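Protein chains: 8
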Amino acid sequence: MKLSVYLSGEIHSNWREEIIDGCKTINLPIEFLTPVTVHEASDDVGANILGTEAENFWHDHKAAKINAIRTKTGIRKADVIIIKFGDQYKQWNAAFDAGQAAALGKPYIVIHPKETTHALKEVDAQAMAVAITSTQVVEILDYVLTQK
Amino acid sequence: MKLSVYLSGEIHSNWREEIIDGCKTINLPIEFLTPVTVHEASDDVGANILGTEAENFWHDHKAAKINAIRTKTGIRKADVIIIKFGDQYKQWNAAFDAGQAAALGKPYIVIHPKETTHALKEVDAQAMAVAITSTQVVEILDYVLTQK
Amino acid sequence: MKLSVYLSGEIHSNWREEIIDGCKTINLPIEFLTPVTVHEASDDVGANILGTEAENFWHDHKAAKINAIRTKTGIRKADVIIIKFGDQYKQWNAAFDAGQAAALGKPYIVIHPKETTHALKEVDAQAMAVAITSTQVVEILDYVLTQK
Amino acid sequence: MKLSVYLSGEIHSNWREEIIDGCKTINLPIEFLTPVTVHEASDDVGANILGTEAENFWHDHKAAKINAIRTKTGIRKADVIIIKFGDQYKQWNAAFDAGQAAALGKPYIVIHPKETTHALKEVDAQAMAVAITSTQVVEILDYVLTQK
Amino acid sequence: MKLSVYLSGEIHSNWREEIIDGCKTINLPIEFLTPVTVHEASDDVGANILGTEAENFWHDHKAAKINAIRTKTGIRKADVIIIKFGDQYKQWNAAFDAGQAAALGKPYIVIHPKETTHALKEVDAQAMAVAITSTQVVEILDYVLTQK
Amino acid sequence: MKLSVYLSGEIHSNWREEIIDGCKTINLPIEFLTPVTVHEASDDVGANILGTEAENFWHDHKAAKINAIRTKTGIRKADVIIIKFGDQYKQWNAAFDAGQAAALGKPYIVIHPKETTHALKEVDAQAMAVAITSTQVVEILDYVLTQK
Amino acid sequence: MKLSVYLSGEIHSNWREEIIDGCKTINLPIEFLTPVTVHEASDDVGANILGTEAENFWHDHKAAKINAIRTKTGIRKADVIIIKFGDQYKQWNAAFDAGQAAALGKPYIVIHPKETTHALKEVDAQAMAVAITSTQVVEILDYVLTQK
Amino acid sequence: MKLSVYLSGEIHSNWREEIIDGCKTINLPIEFLTPVTVHEASDDVGANILGTEAENFWHDHKAAKINAIRTKTGIRKADVIIIKFGDQYKQWNAAFDAGQAAALGKPYIVIHPKETTHALKEVDAQAMAVAITSTQVVEILDYVLTQK
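Protein chains in written order, with my numbering: chain Y, 4 to 151; chain H, 4 to 151; chain G, 4 to 151; chain F, 4 to 151; chain A, 4 to 151; chain B, 4 to 151; chain V, 4 to 151; chain L, 4 to 151.
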């Protein structure tokens, strides 16, 4: 069995690399999918390609929709979705992706520090695992694929 | 045409009453659905009914799952979903509900102050309308139902 | 059997009234659903409720999305969809609704003059009937409901 | 991530080649799918293979249904759909394809000149991007696949 | 619990009346749905309403599509589908309806004489019951609704 | 909000009456659905209506399929499913119903004694609540419907 | 674009070979799927593998269900379904497969002689093409894949 | 045609190896998928990776959810599901998987000794075959793939 794994959420730390590298080291047959993680490009892509906007709302709107092409496709192609909540920012897009995964019946794993347990209880309630570290996620993926 | 409208999100202000009362005043044929909005009951329902837990995580987990019976049923029965983001708290459950609405192809309206535009751009991108006040939502529902 | 029938398309002639009145005269048990058919309200609703826009594109965009709340709900609730193409205007929204009906597997009936047969062949190909007059649609609905 | 991209709509200009060539030049991993774009073959295929018809309506009908085998399969296989509206003809089939994409929850991009903004507002409202040129679409696909 | 029951298949004997009357006598809360059962009307409805055709194929085609509005709606609304195969005619429409029921996961009951067991084995294989008489179907519906 | 609740599983104790009576006492707006709970009728219905079988396998098979008409319809109509595992018998049908609920994304509540926790861990893992008594289920349904 | 094509229906003539060979000759990229076409094996597979039955009904039932594993999988994997009706036998399984294709929204092509037009009008009404010869089907598949 | 086959159920005998080896010997093009079959790892995976729990219920819960990532993915990827019930233990997870297969419309084969026929009648009723030995399953898969 091969897996397609979508890595959603926080783009301000290197947690994706930790998981991807961790899985590569032990040769897990996983195709990783991600949203656009280059922050500035992600914010300005609408204006850059389709033209600038006077209003911030539409500036963001155009960017968010283009990013959704990648996000929606990634979620649809994925067998498993990993969603990381960091300790900063609102990260509503991460919870939004979790809601999509839940509605589509796709198993997802949440990563977040203990401190946000109460605030994330609805998201955690539908998750297949709630981890704190990237290493735990690598171990889960290893177990799921190799029974080890 | 009658509508079922689910009111998701913030439970710390009286925005639901504003919308419900506003629609009643003009006799719109709407059945309103809501999550449990009694904060303390909502947090402790798992322990209250199924027994206490030593760990906060499981205390929250049991509550969140029981609440999900109401939330999932409400979202599934709704024709339109209204999601309010206030200016406090993480409100990840609101974004989680929006994600479910998006994945199910249900039209949803977001209410939030201008200040959170950038942080909510992914949620707004799939919305049918982004309002600032409860009155605007009443006007939209009025228009959708009566063409006025 | 009762039917819910959505009347999509042209808003510049009284074809909806012809069908609704025709069915009422013979007491067919049909709930009729429609898009917003007040042209000006339909064009300006976004600006009217959510605030004006400097750009025409966004003026239209906000209106079209609010209108979609009604359109999408109507199409989803309908058992049968009637789509009228007049002899003026582009009427891409009518073909757009037909595409939604086709993808959802909902039976739909098209009304258009003979002159547009070639241009509408893809839309006609998935239709259950291609009529020229409102009277024919009333007769079809009468037959479908009463076997007469 | 690889993408399957369906190029729907206008068959009277070389916009498909522009997009396909543009993406090839920068080595994007895309499988392009298209409707039949040989105009005459497309119009007469029903008569050519299954026998001539006295009535234009059935001549068109048989052709449109055979073409639908390719169109429906292309839309179903596609991750992303690009729909071009030119400045001539009714192009209802393009709007019909957009409606199918919308109902299936597939992200789509519309290309059309500014002049048709108002007439296409319902189609644009559900799109992930509204472009004017083929180059913009190549840039979006490049960004979606490479984050550049 | 109330049931909607669609009675598909043979239109040359009074089996529908037997079932409907049998269920009425014992007051079962069932809404019965049927195809058009007036044979001649059913064959000619396309020509009668939409105009005559020189070719038999198109005469039949137009009628069959209008009939499909009723058939598809009936199958979609039904909780349970009853499909009767008589001892005459091809009755491919009955098997076609059974295939739709099977693909939609709707429970269906087949009625046919013992003689056609081998020819109907694929249809029977997905059925919830294979009856020989209308009385047996009434008994099954009685049991399903009242546990008697 | 009204609820449809399907009561699946054990038929050897009066737990269904406890829940139904408990909910009636406090006037909850619930329609209860159940499988056939008359044990002997349930085992022999195939033979009773459609004729006896020499082989036990087919005797059971015919009965199980007729019972499935009621079970499948009940699960499909239900908003919430309650599944009781007693301390006797295999009760594979209860776990089978739970699997259907899980695959359909319907929220379900499991009732079982503590002793079977390990054996039911897969079924519990997808449940919205795991109760021990009928009273707890009544309290959950009360809370879900009235917020109390 | 590659296609998966399921060849359903008659197993008493060599029409499948005609289509497969015809497509191979012109190098069409098609994976062909078929039901079991070895008649005797198909009739007796239940008894051969799982044990003999005294009753013809169960003999056929066991065989039909095992065959359904292949048939259902083939229909689900197919992009396009070809269904041949010969001039002999009841061929209800062919119409049953057509019904499944229709309900799943899969494009299908019917092959039958002119004589059975009236009896097959419901099956033809949902088809994308109605052919008389295997050669016509090869030409359609060629056109769909190569635009020629 | 290739098949993906998921082997669900009992993990205390070597029935999976018998089927996998039996199919390999005759070169059937099958990808086999399985749950985690290392019993102890399967029970303790939650505690091992995510931390120990004081309560048995949560110890099991965390393990069961991580195992569900593999189980749900396997069932979703599978064309055919084989479910073995041994003569020991409750094996509710096997019946739970069968329920998921039934709800998803996936063909499944059950293996169990004659003695459990009555208790498994609901599970058997939706199965495509009920076998007693692994050899029979190999023969069915051989027949389904090679017509032999």
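To be clear, the hints were calculated from the coordinates, so they are not data collected in a lab. All of these numbers come straight from a predicted model, not from anything done at the bench. Don't take every hint at face value.
[Claimed, not checked] Lysine to aspartate or glutamate pairs mimicking EDC-like chemistry, simulated, CA-CA at most 16 Å apart: (1) L:Lys151 x V:Glu58; (2) F:Lys151 x Y:Glu43; (3) G:Lys80 x G:Glu34.
Consistency of the hints with the structure:
1. About 24 Å separates the Cα atoms of Lys151 of chain L and Glu58 of chain V, which puts this hinted pair outside 16 Å; it is violated.
2. Annotation: proposed proximity of Lys151 of chain F to Glu43 of chain Y holds, straight-line Cα distance about 11 Å (limit 16 Å).
3. Restraint check: the Cα-Cα separation between Lys80 of chain G and Glu34 of chain G comes to about 10 Å, which is no more than 16 Å; the hinted pair holds.
Checked against the numbered hints above, the structure violates only hint 1.
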